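Trainee: Chain by chain, the residues:
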Amino acid sequence: MTAGPEPAATRRLRPEPTFRGTPPFPEAARTALADGQLRQNLGRATTTIRTKRAAVVAERADWEQLRLSGAAIKDAVLRDLPALLDQLEAAVTTAGGVVHWARDAAEANAIVAGITRAAGATEVVKVKSMATQEIELNEALRREGIDVWETDLAEMIVQLGHDLPSHILVPAIHRNRSEIRDIFVDEMVRVGRAAPVGLTNEPGELAEAARLHLREKFLRARVAVSGANFAVAETGTVVVVESEGNGRMCLTLPETLITVMGIEKLVPTWRDLEVFLQLLPRSATAERMNPYTSLWTGVTPGDGPRAFHLILLDNGRTDTLSDATGRQALRCIRCSACLNVCPVYERTGGQAYGSVYPGPIGAILTPQLRGIAKHPVDKQTASLPFASSLCGACFDVCPVRIDIPEVLVHLRGQVVRQSEASHRLPTPEAFGMGLAAWTLRTPRRLAMAERLAGLGSRLVGRHGTIRRIPGPGPIGGWFRSRNLRAPARESFRAWWRRTGSGRGGES
Amino acid sequence: MRIALFIGCYNDALFPEVGRAVVRLLQRLGHEVDFPLDQTCCGQMHFNSGYQDACIPLVQRFTAAFAGFDVVVTPSGSCASMVRRYHPLVAGLAAEQGVDTGLAGLVAEVSPRVYELSELLVDVLGLTDVGARFPHTVAFHPTCHSTRLLGVGDRPTRLLRAVAGVTVVDLPHAASCCGFGGTFAVKNADTSVAMGLDKVDDVLATGAEVLTAADTSCLMHIGGLLSRRGSGVRVMHLAEILASTGAEA
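Going down the list, the protein sequences come from chains B and Y.
Residue 499 in the numbering used here sits at position 499 of the first sequence; the count goes up by one each step and never skips.
Residue 614 in the numbering used here sits at position 107 of the second sequence; the count goes up by one each step and never skips.
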């Protein structure tokens, strides 16, 4: 899925890649699974972060209480969202900021473009932000002739590589050091300060190359765009946490700051930050505290940006909120702990999910933001809730206790109902499930099916093992790499009946 | 004690020896085992695949079949977690649709009495040494639903380690999912197999003769991969090991 090499002249003009066109998950996963380098990069990275997270979480005896508090605060926010949003708007306005409301991606992008043009700027520097990735702000601004510079290291690697993100927190997790070095050498020169001559793949050298490349953009930029980790309704304070300091540069140097924030990012009071500033860094980067925590309230004359715009983004969140089971996905604080423990994500990587939100949280958030509660969704979106073995590792680590397996199963139900409503005849799967349900409704039918299967296994099974079954069939995928034990010639219930209450001996 | 056995539909049809082992074990321990012939399936496959409406009659049947029993045992952590965690949700669905408003009450009565085998042995019967003998090297795979949904903890391994003659070897990355996942195994066959092959590598690295677990479904998947690879490692349900007395062939 990575964009191939292209002549430099066309590359500057071409819109950056988006996830549009990603095939349904099973197919996208197959491509990713075949990439040995990707598997190796991901396996190494997720194992490291997983182990570190477990260690720092274990330091806190009150971790479960923190999780419960985090979930309770977020649930309270979701219950009182309209009032809290009004409170936030009033507080930000009082502090000298301007609040904008955006129903969807197009509205939000247009607002950002308008503010940037009004500021007389033709470029913006960006703080790492999921909300702006979600609305494909970079592509929209480029169409308006505005250059966009990602300044988070991993986000910059993705942008320079004409690539797609594969992780919420570490979007270039699928890249190793050598690949990053090559991207820097080939691409930095096209968009600004070139990579130093003789650049190696040493982390220190790579970081220095990024620092030098970014520095000229920080010092030149007049407009910055950020997301928000949290916003405090009572004070109007917006919070961004980060590791590299690039965010602090963007948030303080340019004259105009535009923050795009999903409406669910609120917390009611300043005090509530106490819970999340403990939950988030330990879950995300396995740090006790993140290196940079920037908090600002409106504008402060003589200090930082002179204009602050806060764009409150819906983009499917209200629809998500209307679903009593699915709405818990809106508690998410984008820590990525669920990605790092997910056995599916570990093997397929994030791009297979066809969304900026990959992994378990993406599998429940993306379909909801795309409106699954209101209308049928496309095949790729419909495949996401099934991209899980329901092992439950994600729920165990979620700092706000989102029961991801529960929501996955709930969304599978919505997909099935939409499929049933849109097909006059049942799909092969629906037919099979219907037949199975019919069979399992009475013990008589089940016993009959078991007798038939027992007879059948005498025909197909060799030494009691089935290596394949004729025709593709809905379960053909089983037999590509796996054998199956043939159905027993005598089922348990038949044995029980024959031997009489299990007391009649063994044979 | 009179104990009702819920066998689970796939054990019934594909792995009857697991049910026979549970019966043999519990009878050896002096208990009376009942197998209500009205039982069919807990509904997990339909529930987890999104066919939740189809579960309602299955849950009705389950509660009717086991209503009269104080203790129900099943040799499946996965089925037990379906019954204990999700039957109440199915009952809620039945009430919401006006299909059956009484189901929730029945489920509340029956589902808490359903135990996975290791829970029954350790918690209800107070045993860890069940008098088994199994002179083989064994690796144990803690299945996801038994550990994460049901919380059986170390009960299965305490039972296993108390077996005479057994050598238990540690399985690397034991807590990682094997990739079965019900219909996931066929809907996302490639990913499922990739997960399973990593599990197989871990199993083979232990040098164990036997891989055991509290769920036949996961073993069917891992065993299918081992068998295709021509490996000599056998998969056995924990019940079969606990039922062994060393007198078997």
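Keep in mind the hints are simulated off the structure, nothing from the lab.
A few of these clues could be false.
Just so you have them, the derived chain B footprint on chain Y, three or more residues with Cβ under 8 Å [what the hints assert, rightly or not]: (1) 563 to 573; (2) 611 to 625; (3) 633 to 645.
Chain B is nowhere near these chain Y residues, computed Cβ spacing over 10 Å in every case [as the list claims (entries may be wrong)]: (4) Gly-557; (5) Gln-559; (6) Ala-602; (7) Thr-674.
As the structure is a prediction and not an experimental result, all values here were calculated from the model.
C-beta atoms are modelled at their ideal positions from N, C-alpha and C, and glycine is treated no differently.
Trainee: A separate judgement is required for each hint: does it hold in the structure or not?
Mentor: Do the hints match the structure? See the list:
1. For the region 563 to 573 of chain Y, the stated coverage by chain B holds: 3 residues have a C-beta nearer than 8 Å to a C-beta of that chain, and at least 3 were required.
2. Given a C-beta distance limit of less than 8 Å, the hint that chain B covers the region 611 to 625 of chain Y is violated, as 0 residues qualify and 3 are needed.
3. With a threshold of 8 Å between beta carbons, the proposed coverage of the region 633 to 645 of chain Y by chain B is violated, since 0 of its residues qualify and at least three are required.
4. Residue placement check: Y/Gly-557 does not keep its beta carbon more than 10 Å from all beta carbons of chain B (closest about 3 Å).
5. For Y/Gln-559, the requirement that its beta carbon stay farther than 10 Å from each beta carbon of chain B is not met, with the minimum near 5 Å.
6. With a least beta-carbon separation of about 14 Å from chain B, Y/Ala-602 lies farther than 10 Å from that chain, consistent with its non-interface assignment.
7. The Cβ of Y/Thr-674 sits about 26 Å from the closest Cβ of chain B, beyond the 10 Å cut-off, so the non-interface label holds.
Of the hints listed earlier, those the structure fails to meet are numbers 2, 3, 4 and 5, in rising order.
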